[in-house]
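Chains as they are written, first to last, in the working numbering: chain A, 1 to 253; chain B, 1 to 200; chain C, 1 to 397; chain D, 1 to 191; chain E, 1 to 146; chain F, 1 to 105; chain G, 1 to 456; chain H, 1 to 172.
Simulated from the structure, these hints should not be mistaken for lab results.
Every residue gets a Cβ at the ideal spot worked out from N, C-alpha and C, and that includes glycine.
Hints are not guaranteed to be accurate.
[Said to hold, decoys possible] With a Cα cut of at most 20 Å, we get these calculated PhoX-like pairs of lysine-lysine:
#: 1; chain 1: C; residue 1: Lys200; chain 2: D; residue 2: Lys107
#: 2; chain 1: D; residue 1: Lys23; chain 2: C; residue 2: Lys180
#: 3; chain 1: C; residue 1: Lys200; chain 2: D; residue 2: Lys23
#: 4; chain 1: D; residue 1: Lys43; chain 2: G; residue 2: Lys335
#: 5; chain 1: A; residue 1: Lys21; chain 2: C; residue 2: Lys180
#: 6; chain 1: A; residue 1: Lys29; chain 2: C; residue 2: Lys238
[Claimed, not checked] Pair ranges (Cβ atoms, derived):
#: 7; chain 1: G; residue 1: Asn337; chain 2: D; residue 2: Pro159; range: 19 to 25 Å
#: 8; chain 1: C; residue 1: Pro289; chain 2: D; residue 2: Pro159; range: 53 to 59 Å
#: 9; chain 1: A; residue 1: Gly209; chain 2: C; residue 2: Glu99; range: 29 to 35 Å
#: 10; chain 1: A; residue 1: Thr211; chain 2: B; residue 2: Leu116; range: 47 to 53 Å
#: 11; chain 1: C; residue 1: Glu99; chain 2: A; residue 2: Asn100; range: 17 to 23 Å
#: 12; chain 1: D; residue 1: Ala106; chain 2: A; residue 2: Gly176; range: 54 to 60 Å
#: 13; chain 1: D; residue 1: Leu182; chain 2: C; residue 2: Glu99; range: 30 to 36 Å
[What the hints assert, rightly or not] A partial selection of chain G residues facing chain E, derived with a Cβ cut-off under 10 Å:
#: 14; residue: Lys62
#: 15; residue: Gly198
#: 16; residue: Val350
#: 17; residue: Val352
#: 18; residue: Ala356
#: 19; residue: Leu360
#: 20; residue: Asp427
#: 21; residue: Ala449
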Amino acid sequence: MTSVGGVPYHSSKNDIVDTAKPWMREAMKPGLTDEQLVSALQLFGLRRDTKDRWNLTLVLAAGDARSKLRDLVSFLRDDQSLRMNTLLDISAIDYLSYPNHRGPRFALVYLFKSLEFRHRVMIKVEVEEDDARLPSIHDLYRIADWTEREVWDQMGIVFTGHPNLKRILNHHEFVGHPLRKDYPCQKRQKLSINDPMVDQLEARLRELGYTVVESGEVHLGKPIAAKHQSAAEQGQVDRPRAKSEGAIGAGGL
Amino acid sequence: MPENIDHLIGTVYFGLFALAALLCSAGLLMSRHPLNGAVYLIGVMLSISGIYALLGSPFLGVIQILVYAGAIMMLVVFVIMVLNQAQDHRVPRFDRYSILGALMPLALLAAVVQALHAQPMPVDPHALRGDIAAIAPAMFDLSAMPGHDGHGYYLLFELIGVLLLVAVVAAVMLAKRTLESTETPGGAMAEAHGATHDGH
Amino acid sequence: MKVLTRANEPQDLMTVNIGPSHPATHGTLRIFAALDGETIEAAACEMGYLHRGFEKMVEQGTYTMVLPYTDRLNYCSAMINNIGFCKAVEKMFNVTVPERCITLRVVLMELSRIIDHMVCVCTNLVDLGALTNFWYFFNTREEVYKIWEKLCGQRLTNTVTRIGGMYRDAYVGFEDDVRKVLTRIEASVAEVRGLVEHNKIFIDRTKDVCVVSAAEAISYGWTGPCLRASGVDRDLRKDEPYYGYETYQFDTVVGTTGDTFDRIMIRMYEILESVSICRQGLDRLKPGPVNTADARLSLPDRDHVYHDMEALINSFKLIYEGVRPPPGECYDAVEAANGELGFHIVSDGGTNPYRIKVRPPCFTQYAAFGGMLEGEMLADAAATLGSINIIAGELDR
Amino acid sequence: MAKVVARPNLTFWEKIYFVEIFKGLATTFGHAKKSLVEADHFKTLNYPDVPPDLPRDYRARHRLMKRPDGTPRCVACFMCSTACPARCINIVAEESPDHHIEKRPAKFEIDLLLCVFCGFCVEACPCDAIRMDTRQAVLAGDNRRDFVVGRERMMDWDPKDYPLEDIQSQKAPGGSLHAKALEEFKSGTYH
Amino acid sequence: MDAPGTFATSAPASGPTPPGPTYFDTVYPLTVLILLGLAIPTLLMTVNIFASRWVHGTRNSNPGKLEPYESGLPVSVGSSGEKFSIRFYLIAMLFLAFDIEVAFLYPWAYQFKSGGWEMVWLLVVFLVLLEVGYLYLYKKGALDWE
Amino acid sequence: MTAIDPFHVQLLAALLFTLGLMVVLARRNIFLVLMGVELMLNAVNLSFVGFSQQLPGAQSLWGQLTPLFTIAIAAAEACVGLAMVICITRGKDTVDSDAFADMKE
Amino acid sequence: MSVIEWIQAHPYQIAGLILPIAIPLILFQVLPLLVLLERRGAGFIQDRAGPNRAYIPAPFIKRIRGFGIIYTMTDLVKLVFKENFVPPFAFKSFYWAAPAIPVATGLLTPALLPWFAPIPFVNSAHQLAWLNGTLITSNSGLLLLFALGSLTVYGVVLGSWSSNSKYSLLGGMRASAMMISYEVSMGLSVLGMLLIVGSFSLTDIVEWQGSHTWGIIVQPVGFALFLVSMFAECNRNPFDVAEGESEIVGGFHTEYAGVKFMMFMTGEYLHVLVASALLATIYCGGYQLLPIPGYDTAWVKANLGLVLAILLVPTGALLLFAASLVNGRRSHYAKTNSVDRDLRLREYGVYVAAFAGLGLMMLAGAVAAFMFLKTSSVGAPGRELLYPGWVNIVTAVVQFHIVIGKTLFFALIFIWVRWTLPRFRYDQIMALGWKVMLNIALVNLLVTAILAKAIK
Amino acid sequence: MTFKPVPAAVTPDNSMGDAFITTRVDAVINWGRRNSLWPFPFGTACCAIEFMGVVSSMFDISRFGAELVRFSPRQADLIIIAGTVTYKQAPVLRRIYEQMCEPKWVISAGACATSGGFYDCYCTVPGIDEIIPVDIYIAGCPPRPEAFLEAIVQLQNKIERENRVEQKAVGA
Ligand code: SF4
Ligand code: SF4
Ligand code: SF4
């Protein structure tokens, strides 16, 4: 988390102000209809996603994504009639094994929602496999910092400009991106020792205006052994799981 | 008979306390880490307070524990812990010069003992037992206030107040710079300027 | 760790790990903090200690098999997760579940919300050192569990819904049991509030601690009670009502400051609101079917399966293939105990979900947590972590 | 409209701690008094001495239903193992000597340490051959292998323990009332 | 042992203090108690050492066990040997100042009854002096923790 | 009451004083030096109390009151001394008294 | 003179020799009771049964469960046989010594408390002598007590330092800073009482309360301050930040295991006991029965029968009540289908009988004492020497029980508060101590001084 | 493992009686240990919530003397692993187990801890006995609170059977 909008992250501790704007206490204003939303976003050249028949999903094609994403997101956030002030989530989809899929392999769906008006929009950004990069929007929405990390961790999409693009769900020794369709579900990866996280803490300190003179000495304990003796000796560990595929084969319909 | 037992007890305990005090101060001299030293010094204090009690000034003994062992040494221990990196890094704890420095006082000691030895030291049988019942009136003998005559340390009592005031202020002045530097202008979560434009 | 402050003064910071296996962090969160004395100067949070691969696992099975996994997202209120997921899939099918099912779901959701809030508040109070409240809430919660044992045969991981309806209808006497427990809940809330609400120690510990302004909460994408604590009156049940929530009489609860006090008290108040919704729901509970008649979704009646070939084949199909939503992508959300719980489901028309992304409400709150801590005391970390109610199962998935 | 959480405005008496502390003490004392005086105030179950009181349909350890002749009702159709999200049911099918029934399980194992007690298997079974109503939900032991329960152990139950050995189950395929029920069903008099 | 003072003290509030107690009166219970206070922990710990050695043998330690507990993490940054906040020093210093004050107030309190209003004035002046230092610290924020 | 030979008391006091002086002179660690000073002060106090026994009546209390005030002064000394130590060692990693040479400036 | 004769001739001297060993041991007996109160009491406050399953087999009763008191023994056994763990660090000796410090000081402090009024006796030299209720006779006993209290802190400091763990160090710093902070308030708050009484001897303080009234009435503010300081000194909730589990795991004893950990716990309970005894002594009349002037030791001696009756009736009634409670549990069990029902019934039956029997005996004793024990005819107030020795001794025993009773009452409050309140935050504790309590204590002192002079 | 609704865990045993009469130290140690099992709750997921239920009034683990939950592994005798253990968590669990002082016992509660449950994927440990030895397993997802109690009862019985004299003979 760097400074947001040029303002340091912290303001004075003591100014606890009630930041409530009037709309926060009122009932939600009626928002734009899907058509109005589409037309409001016309200039970004979005097309409506045919896959989504229940919500409004607009597709930002892979070619435009790199250049337009940030503008689009700032527009969504700042436009007086849109005010999509909440980024709910970024969900990444790997279309590798999607039947009859044409187009880039990955798509990222940004879920936006306005707290002022009753409307939501989902922006689907297509990402090519061989150049899986997108500009980061962590400075526009703070939550994007972590959601982007999650997307990178799980799907392997790089967000350029992200200050701390590290694994978040998986451990730091993990190789690969588990939610990609070509990652086998049962391919386990062991962790020998936890991440000391000094770098992250120091980065945070620097953001807060400190200068790190001497970073703490890191003590690494003994990495854990692959398998504990006693359990292995007893032969109690390796029990193959019943295979449901096999079951189907044997049983038949 | 009982006087003898009492005498014996007094001597034995004085011997024990004196031994403890000496051993502890030797420990202080040799200690590797100041915290060790501090604990040794506390041992000295406790032994000395025992000796005070044996010498007939129990109040002083109590104050010795309460203030010296309980407060002053606590402060020292706290500072050792606060600074926390006070390991004496020199591998030989003494170098050549400091051994010389250590030996010099011995000469002084010899001279003092010599002088003491020459002096007969009779114990006055009328010496008062310095418990609180005696100390308190001595300290606040207000017959010394204007219009009266007598002795009293009431002024010293107030002076202690001044001394403490000065000490506290001086200490804070000294530590002031460090104190200020630790006051980080932390903030609760700042308003997210520019992050969201929520109506205006 | 030696640093220079902004004023270029040298300062020594002590780095300490709070968690993962620490009483305050519930075993799964890690806060790596730099302390100056007792004050947290900077904190880096880590998560993922309970990353169980929900999103990968659900791709391996049918849509029905997702249900037990959703139980274990927010295990304090498993039913809301069940219902949220079923609601999303039902949305893809464009089916509405029968009236009784809807009302039942509302009642169950609110009861789940109540116990979720109760667990949150009482563990928070335990973190604050007020231990006894734990028992006063948990005893009540146990009574709710008794109802659930009877309702669906499990205490915690209920799997109470099925796509297109419920696991089974409520048992006879369900309403009475719920009504009884609602009274009990009100009593225990009153008791706990009596113990803490005006207690200066509690107020000192929570008031103006870890304040999150509305703007900040919004930027972090907060939803639910924590967002409301910051003064933003938003609740999916009011704003985008589903299951007829607009017809229930209830109030949302908002705070003014966004501090830990507000976050705790909001939950206390919301318990009472939910009690009122529950009562209204029970009043509306009319006999009727609980599953849709849609053969694409509902398992046929057991008797028919036993005796009717068609039903048997349908049952085979539904078991082997599960429900097959039309291909497409759909997002649907419910107001869970912690905020907006969304499911983004991608279907390729096959038997297994192509991709399910959960939008966990905790995630946003935990993302903000490190920043909230900075400048606060070490002890506030425990107090605040409780108040934002991080449920690791849902956070890490 | 939204309710607003009241900010704590403490009165003088609340501010000096003691009054509120006494109130709190009174509350806790009330509980302590009740626990002491009222014999059944606290509801603590005396677990190992008193068995847990579970509803009949609590999702507990599985059992396999039997045909009237004592053989398992299961026809090894693999519906349960397919429905099982934990894949903990391991069935090996074999030809059944009874020509009415195609197959029967040569091996039917459930690894209770894997099982998540979701009850899907019960729901899936087309002939009500597997049930989870044994009320044996307390499963602990010091050996993993004990938890892999086979056909024999799952069929080792006593009809006396299931007084409500319900008609409905017996009407299922393999049950003693199946033939009759089937007829009723076809004639529309089934209930 | 039959000395007039054995186990004796003045009856409460009965005239001036007679000659103080003998050494034995004070030393005996003190010695017994100190020995008791030392003996109980020593005994228990010794038993623990041998019991532990007997029951568990001597070598049941592993590298992980010897490291400090850090919420279970096998990694730690820095050691416990880091510097603490300077505030702890200030607290201890303040404690020292007030402890001495209290220590000097004890004789004052003892003497209070036999004095007149002057005793009150003595206290007032003394307290004012201390209060000045206290207020100075208060102003400086040495008493705040945030 | 008066079982103890005053000479022994004085001897002990002198020994302790010497040891304290040795600590001050021989050790480099500033804390140890400070503690040496405290030890010396203690020895002096002990000496006072020892001598006080030789005075008659109320006069004997003088020798016992003086240490009382000495303790107060020692406390003040410790306060200020340690404040100085803290002030100086901040940013430095040593409490070696040699390192304080620059204090003179 | 044979040994036996000597013993017969010097009963009081013998008592003086035995008491220093006896009283701490008696206090040690109270500790399991405290632990029981803490664990079972917590259970009752929280609507649950609490520990009640461990038992010792016995011939007739079959299982002695003793309402859970057995758990104190099992804990002891377990801890003694737990691995003896010492972290590798340069300060092993501190690590070993630290847990013993609280225990040692906790054992020393009871020696300064008066457990009964001084017993007059005529020694073999036909002189009047007094057997004191305190073990260590000193006219600055209170100061010595505080001095010992200030040494207790070192246990925490050294223990935390030598543990070589960050949590320990944080907890140790917290605990020690808190304890020294509240020592100041403690000393100042008690000064008010001291200047009214004009003596530092705890016996004098108690005697003064007997001839005037209890300290809690003359010094309510001082009492409140002292009570709060005591909570802080004992590290008890709401001041238990030192081991605040949700914040710093176990605080200063995070790295302690086995017996050494038990020492810390013993020290904590000992200090609760001592603090309660101090509160009872300084502010609640110590061994005095009533807060009414004139009803002091002399009155007790003159009306020993009445006093015994007054004390025995409630005790007996309490025992009978306890019997009825146990009987209630028993009939509750009779209704259950518990496997061990018969065992429980048998055990509870024995308890009911025992309690009821004891209670009835107490009541009978009360009646007997009231009817037949007329000491006023033997002696007279103010002329203690006229009383025969047994009156003095019975009075001492009664007074000892009064002190213990009051102490247990305060200990109960310590426990009760622990299960009721949230804990303070560390900075709030310091602020409370330094900004609130200190100032109130100073004002209290000043006002007391002025009032004392004005009234005089 | 017991499959009866009423586990045969509490058959009154005489071993204790003999032990006390013959004052076999072994039996006393076992008696002390089995009644003073201070747990370290290694609760990570849903099972931990159910473990909280065990502490609640209804089930009340304190009846077994096991309510003194110690969060420092040094003081705990028993570690209850309640919840999923992921590979990220594994070193932590291992370290905590290592840091516990002898004697120590492990209860592995719930499907996840014992076998990974239905999380058969890239990030979960398929049973903690890959990392640490386990004394008692509990099935269930989550196990009922009674099952936790049952595990403690079984552990108590197991401790009861411990015989150091024999062990020494074998070891030597
Ligand atoms: S209950 Fe669920 S997990 Fe267990 S065997 Fe049946 S389907 Fe599988
Ligand atoms: S138990 Fe039922 S579902 Fe499973 S294989 Fe047998 S018949 Fe089929
Ligand atoms: S076993 Fe089940 S309840 Fe327990 S942690 Fe695993 S998923 Fe959750």
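Which earlier hints can't be squared with this structure?
1, 2, 5, 8, 9, 10, 11, 12, 14, 16, 17, 18 and 19
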